[in-house]
Amino acid sequence: GAGVSQSPSNKVTEKGKDVELRCDPISGHTALYWYRQSLGQGLEFLIYFQGNSAPDKSGLPSDRFSAERTGGSVSTLTIQRTQQEDSAVYLCASSSVIQETQYFGPGTRLLVL
Amino acid sequence: SQQGEEDPQALSIQEGENATMNCSYKTSINNLQWYRQNSGRGLVHLILIRSNEREKHSGRLRVTLDTSKKSSSLLITASRAADTASYFCATAYNQGGKLIFGQGTELSVKP
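These protein sequence lines are chains A and B, in that order.
All residue numbers for the first sequence refer to the working numbering, where the first residue is 354 and numbers rise by one.
All residue numbers for the second sequence refer to the working numbering, where the first residue is -6 and numbers rise by one.
If you're looking for bench data, these hints aren't it; they were derived computationally from the structure.
All values reported here derive from a predicted model rather than from experimental measurement.
Heads up, a few of these hints could be off.
[Claimed, not checked] Listed below are the simulated DMTMM-like cross-link pairs for lysine to aspartate or glutamate, each with C-alpha atoms no more than 20 angstroms apart in a straight line:
#, chain 1, residue 1, chain 2, residue 2
1, B, K19, A, E438
2, B, K103, B, D59
3, B, K62, B, E8
4, A, K370, A, E438
5, B, K49, A, E453
6, A, K364, A, E438
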């Protein structure tokens, strides 16, 4: 079946602009995760959605970052007033909680000029 | 920080040789997972080992887990040039929860 998809693949934006990154998880997966990978920080957890439970937002670096998951499926990560340090690859993953294995999408490479 | 540590940071071997990568972590875990990443994009899941397991095999991959030492190792046998990639361990502290990643090992397999 189809894997996790993310869009756009690449995004170049100017400092101060808002960006939206999209993630389509594997159908039927109840858990969805966002991670960020940058040269200085490695792979960092950002936020996690599980079914109808309140999301675990403990990894969001600032209040400029937010995410939502509509209808238990597609998720959007929004970064407001982007800064140069937000430049990174943003990775989305999903899992069937029972299996626990997380399946990753190809990522969105964000460059803030 | 809960983040695990991996060593070596980089490993260069010849095709046919075995590659061993190590991962250490800091607190009790539910499971530990190994991932591979090519060209800095999506991660490919390799193997998951639970806290009550000591060893797992998948094809040319062998993973061990020593919870008393809070460490794991990934062995790739008979390596191929196509195994060239970055390898990450990731620990899960509860069922279905977030993963904490190590810094990764960059493996280069020369033909």
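Could you tell me which of the numbered hints above are not met by this structure, giving the numbers in increasing order? Numbers 1, 2, 3 - these are the hints that the structure violates, sorted from lowest upward.
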